Structure formats: C-alpha cells, structure tokens
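Go by the hints and put chains Z and G onto chain A.
Residue numbers (the working numbering), protein chains in the order written: chain A, 203 to 524; chain Z, 95 to 356; chain G, 286 to 612.
To be clear, the hints were calculated from the coordinates, so they are not data collected in a lab.
In this text, all values refer to a predicted model and were calculated from it rather than measured experimentally.
Hints may be right or wrong, so weigh each one.
[Claimed, not checked] Below, in silico cross-link-like pairs of lysine to aspartate or glutamate (EDC-like), each with a Cα-Cα straight-line distance of 20 Å or less:
| id | chain 1 | residue 1 | chain 2 | residue 2 |
| --- | --- | --- | --- | --- |
| 1 | A | Lys291 | A | Glu320 |
| 2 | Z | Lys261 | G | Asp415 |
| 3 | A | Lys474 | G | Glu491 |
| 4 | G | Lys558 | A | Glu408 |
| 5 | A | Lys474 | G | Asp551 |
| 6 | G | Lys487 | A | Asp471 |
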Amino acid sequence: MNDEDVIRINDLRTYFFVEEDVVKAVDGVSLRVRKGECLGVVGESGCGKSMTALSILRLVPEPPGKIVSGQIYFRGKDLMPLSERAMRKIRGKDISMIFQEPSASMNPAFSIGNQIQEVIGFHQGGGRNTVREKALDILRAVQIPDPRRILSQYPHELSGGMIQRVMIAMAITCVPDLLICDEPTTALDISTQAQIIALLNELREERGTSMLFITHDLGILSWICTSAAVMYAGNVIEYSDIRSILRSPLHPYTQALIESTPRLDTPSDRLKVIPGQVPNLAHSPPGCKFHPRCHLAKESCREAPPPMTEKEEGHWVACFFS
Amino acid sequence: MIGGGVAIIIVVIAIFAPLLSPSDPNHVDFGNTLSPPSFRNPLGTDHLGRDILSRLIYGAWVSLGVGLGATAISMFLGGLCGLIAGYFGKSIDVIIMRGLDVVWAFPPVLLALAFVAIEGPSFSAVILAIGIVGIPMFARIVRSTVLSVKEKDYILAARASGISHFKIMFTHILPNIMAPLVVVATFGVAGAIMIESILSFLGLGIQPPASSWGLMINEGQKYLRTFPYYSLFPGLTIMITVFAFNAFGDGLRDAWDPKLKT
Amino acid sequence: MHSKDQHRQLLEVVDLKKYFYVKKGFRKQEILRAVDGIHFRLDQQEAMGIVGESGCGKTTLGKTILRLYQPTSGDIFFNGINLSKLSDEEMRRIRGQMQLIFQDPFSSLNPRMKVGKMLDQILHSHGFTDPVKRKMRSHEIMEKVGLTPADLKKFPHEFSGGQRQRIAIARALILNPKFIVADEPSSSLDMSIQAQILNLMKSLQEEFDISYLFITHNLSAARFICNRIAVMYLGKIVELANCTTLLKNPGHPYTIALLALCPTPDPDRRIEKVPLTGDVPSPVHLPTGCRFHPRCLYTENLCKKEEPSLIETEPGHFIACHFHRAS
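Only chain A is shown next, with the shape it has when bound in the complex (with noise of 0.2 Å):
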C-alpha cells in the first residue's frame, strides 16, 4: 500500500439486482489514485465508469443497487465499513464530486449564495459573515468574474459554464483530498469546455489536489488527465499514464478506441469499427468480456478472464495476447 495513493480501490464489485437479472455494473474493479495526479477513467457507456464513482462515495441507489465486495482504501483506511454519518462527514469535504448536467445540479428555487454557503457552514461551520467571505474567496478562485452579484443570481441566470464553476467552487471550497469529475464538460460547448478544463489544470497545480477524471472523449482525457484507467463492461483493462496510453495502447479495445476517433490531424477514408455490441451486463461472455469483438480472441480467452498484468513498466493489461 502506498503511502502515496490518495484512493486505492481494491477488487470492486457493484451489482444491480433487477427482478431475475443480477447486472454486474462494476465486476472486479482495482485501481488507485496518486496524490497530486488526475486519473482518467475512460470507456463507453455502460462499462461503469460512473458506478465506481459513486461506489466510492456510496452513492449508489440502494434498492436495487448494492456494493458486493471490495475495499475503497481512502488515506489508508477502508471506506467500506463506514456508517451513512461517517460517509455524510466525507462527502463534500474531504470527497467531492461534480457531475455531468450543471442545471440539474443545483436546486432552482434557491439562489447561489444560498447553495454555497449551505455546503460551507455544513462542513466548516462559522458565522454568516465568515462563511460569506469563504463563499466570495472560492468564486474568485474558479474565476468567476463579479462573484458579489453571483451570490444573489439564481441558477437559471447563469449559463452552463458558469453553473459548472459554481459547482466546481462548492466542491473544492473544504480543500477535498480527492475530486471526483464525472463527464463535467460533456454538456458544454467547446470553448466553455476548454475554459472548465484549463481551471481544473489549474487547481490541480496549485492545490494539489488529486483528480478522477471520468469521461469517453479521448481528447478531454489526454488534456487533463496524467495516466487513464480504460475500462469495459465493469473491469478495468489497461492502465498507464497518459502518453503510453495513447500512443502504445496494449489492449486491442483500447487500440479500436483510438483508431475509431475520428480526428482533425489524420484524415482517414473510413475510421476503425469495432464489430457486434457491448455484452448484456447480466449475461455477460465467459472468459474476457471482450473476446466476442475480438481479433486476436483465441479459445483461452473463453475459458478465463484475463488477470492485469504489468506488460511494461507502469502499464497493466489484461489481456493474453497484447
């Protein structure tokens, strides 16, 4: 165990028990997050990027979702045995999270002000005056231009972008350990998006503050993130820093990924389709979950899933025959 590692999650498992069906969103994730690094977490819809996510800080629904197995080491100690009231103390504070959508983040009846001095008071208590100006000292520090008249708007005055560095200010203002982003600029346009994205580069820099970046755009992932976590159908299967990753993928998913993104720099007459779909996760193939999509899949890769291997330093893969 790392002295060093911020978060270090340990054979993960999150089902979801739908009437007969068990959906194994998170089957057996283990990855860890360094101090001061930003992890990407990267993959296509369903490959449960965002339920390990939320299984960190135990969001998940419970009916009919639930937490099997697995240990989320955070600082060193495991977050599994935790109490709801223990999990409330973390979350917000020294764990926070920013979603996808940034109006459906904040409560539209409520105005900023309000909402931010709301988390600050919970977590770090004070007068109405202190907390006013922690309020104030944060939206300057997200660059929020005219962060006074903020405090009084209301969300539905503020474009996306700026509800999004609110939500960015709320998150970071109890100097978390660890932020989770889960999709945050997804819903934004490109130049707000390349705006949310230099700030989080920022405050990553200057607090040190360690990332989960989760997203599926490869390009978001090489701007921000420092090494990736490529994940399928509920495992991880590679995992590197940032240039290996991109430019020595080891895993043939992670190779299709790549060569199915269509780019500005390399034109291509056709772009790199992966065949058949992503498995059911209620019934997943035995073996690799890849295998059926597969152009090196070989009889082994039925009989038993692939264990993550360190094929080159730092770069873990879990496949036979990368």
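Chains Z and G alone, transformed into the frame defined by chain A:
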C-alpha cells in the same frame, strides 16, 4: 387489473340482470316492507317490499349505461376537439377552446339539469346531458397532452417525411395520448355515475319504477335512521364500481405502455 | 442524365433569415435572430458541414431549409424550385427528396409505432400503392443500413442507440432523397458507434449520390464526412472553405479558436491559453458591429462599429472579418 376484473364482473351482472336477479325488482310486496337481510332477500327489501338486491342488479344496467354512454360521448367529442385544437393551434385552437369555455363555465349538475328540464327526464336525455357536460374537461386534457406530444422529434420527423396532417394526428399523436385519456375516462365514468345519482336523487334523472342506484339512495334517505340498508347498499355499490373503474384505467394504461410489452 | 454532370448545383440558399419572436414580460417582445442572412450553394454528391456552438443557429438553419420552420425571409432553391414559394401540399409532396436525421435517436422515433409500420406509412404517403412493393422497399432499406427485415416488427425501445440511429437513417433514405440534413447524427452516441454511423453515412453517400448538410459542433467528425465546412456564429456564417484550406489556413479568429480547442487524443498537445474569452452569448442580445468582437482577442475599434461582410479572399474561401489572418 383486479379493478378490471371487478369492473367486468359488474358489467356482466348488468347485462345478465334478468338471469341473475333472484326476484323481480318491481314485484311489490306490502307485507314485507323494509325488512332486513334474510335468506329470501339477501339485502333486505325497500319501502315497497321490493327486493333490494334485485333492484341493485337492475340498477347496474342503468347506472353503467349512463356512466359509459355519457363518458363515451364526452370522450369522443371532447377528444376530437382537443386533438384538433391542440394540433393546429392558433385561431382554430382559440375558437374551439373559447367555445368550450362557455360550456365549462356552467356547473355540470346545473347544465345537466337544464338539459333534462328541456328534454324531459329520460334515459337518453340523461346520457346526453352528462355527456355534453363532460366535453370541456376531456378537450382540455387531450389538448394539453397533444401540445406536449406535438413538440417531440418524431412528430417533426413525420412532417419531414411528408405525412399528411390527418395521418399524423390519428396515427402518431393519438396513440401517444391514449394513456392519459383512458385514465381520465375512468374518472369520467365515475363522475358520470355520480352525476346520474345526483340527478336521480333530485328526481330529474331516472324515474321510478325503474331503479338506479342514485334513485335508491334518494328513496332510502327517509329511512336512514331506522333502516340504513336501503341507502347503504347502493352507496357501497357506487363506491365499489367507481373504484373498480379507476383501477381498471390504471391497469389499462400500464398495459398499453409498449415498453412493458416485451 | 445521371452522374455525367456530377457537379450540378442542387441547393442554393439566398439571404435566408429566421427570426423568433420571444415574449418577455407583458408587452415587450424580443427578436431572436437565429438565422440572419445565410448564403451558400451545395452541389450534388457534395457534403457541407455547418459547424458552431450552441445558439449559433445551425439547427434552425437545417430545419428552415427543409421548411419545417417558415423562413422569415430569403429564398431556398432546390433543383431550381424556390421552396419558399411552394404551398403546403406542394411542399409535402417534394419532401421525399430532402430528408432529416435528428440528433437524438431516442426521441426521433415514435415509441408506439413499429418500425415497419413507420416506413410503410411513409411509402404509402408518397404514392407507393402496392403493399408488396412497399414491403420489398422496406426490407431493402433495412439491409442497406445494416439491420434485418425481422427488425421491422419491433418497437424502437427494443433497439440500442446506434441501431435506432440506423433506423432513423433508413427512414431518411427510404424515398431516395438527393439531399439529407444530418443534425448531429452521431453526437449522442458512444465513440465506437459514432464510427459505425459515420462510416455508414459516408458509404451511403457514395452509393446513392446524396448531398449532406452535416450540422455539428464536432470539427473532427465534420472533417471526416464533408468536402466543405461553414463556421457559424450567432446566425451568420463567419468562414466557409473546403476542409483542407480551413484546417491549414483558417482566417477568422473564431475558426482559429475552434481548431485550437478541438479535443484531439494527442498527449503532447496541451491548451496553453484559451484563445477565447467569455461565454457563448445569447442570440437575443446581439453585440454591435461584428458579432464576435466581445470574445475576440484581436478586436479593434472598427470591429465594434461595423459588421464585416463575407468576402471571398481566395477562390472558394470566404471570411467575414475586418482583419482576417489568412494570407
């Protein structure tokens, strides 16, 4: 769907009334007035010695007939108005809805009363009265549902594919508004039965010697203190029927949802 | 008769405007100038991209060209016919030749209608009276988009997002249109599915001689499908050029910014400084002069006063900027 089952049972009872009823509902027996439930008269007899159970069963025919008939009128005419008003909007919408507002402004019972007063109380007059009175409500609900469905992409796609307005209204929009329509219709049946009861209670609906549940409550009110069964049973029956139809509506709506089909 | 004259002009949009009147408060009314004077030409078998951020009017443009919105003013010439002057019924009949693919595959299909019935209805509305012929055509088109005839009996919710988009493409193709407006057809899909849909669109274009108007905010996808790209901002085209020129030699500061900010999976490329300030403005309160000036890094006094017009700086390359940077 239990509600559906009960509703269907009630309908069946109404249809087969002559076969099921233990005795002639109009058979008067002065020697046996207001007697409590017994083997011969399971629910007792009324003030004229007539078997309450039999009258109840025959009454089903009346009440259901009015309920379903009136609701059918409201649903078809109101639904059509709402569909056209909602789909075309602008001046057509204004004309139709303002017109219906005039009808809407009258309390339903009063309007039904006025109608019956002009036409004279009869089975068809009552159905027509209650039916017309219910049109604005259906039109309103259908119209607002149409307004929200109209904005969906697949409607725009149908327009883009060159489908005519008529076809869009009836093949694209209509199936997607059936769900709320059905639920409202079941409330409508319940409401219609209630209004019929009130009308009969006031003496402006079904005339004796025919039996309707409302009429029976009316007739029984004089004896509430001493012989509650007279009003109680029809009242209970109305309640059960209304509840059954509501539950049936819920069940139908769920059954119609294509997402639950597979 | 057919592909001899491959570069025949198919569509010409002349000074097209679409304004929306938004009620604000009791009597006041604001004008939302969604599309504010757009000109361009589109040839047969050509694909043109309309790229811009939210609020720039690109979706409204697509729908107005198809007369799903009534144009406030301007003309749309399709194969020589002026669409703005047609009656509703004439328009309905001509719709078979110009189709639309929507962004959201979940809302663009009627959830209560089987796929087969939907396609059948479209064919029937356009003169296919023989049910056998309709069935054959439906089968044919489903196979072309990579689905099976058995899928015709299913409801939309039984399909995945990518499959639904294929159905939407089948619907667009079934009347053999020459022109298709594709509004962000792949944006709401996963990356690997995006690739499938983009590939499909490209091969269909070649097979059926279709022209696309490809509306998107994703420059990379536009580059893959299109020959030319028009960049839109607040209702106007600010730059128009063929792909190679636009990427190598962009002239308008907004285009340059978009290119710089387009995410690419290249770990060596970092955003040093964001070349745009502020947020995307609302099309209701338009800035004076050049609409882009409040966010432009190179604004001068002239930009605040006078709106630049779209000028052809080199053959085929149009820029609307007083101080454009193209050589």
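Here is what the structure says about each hint:
no.	hint	in the structure
1	A:Lys291 / A:Glu320	holds (14 Å)
2	Z:Lys261 / G:Asp415	holds (19 Å)
3	A:Lys474 / G:Glu491	holds (18 Å)
4	G:Lys558 / A:Glu408	holds (17 Å)
5	A:Lys474 / G:Asp551	holds (18 Å)
6	G:Lys487 / A:Asp471	holds (9 Å)
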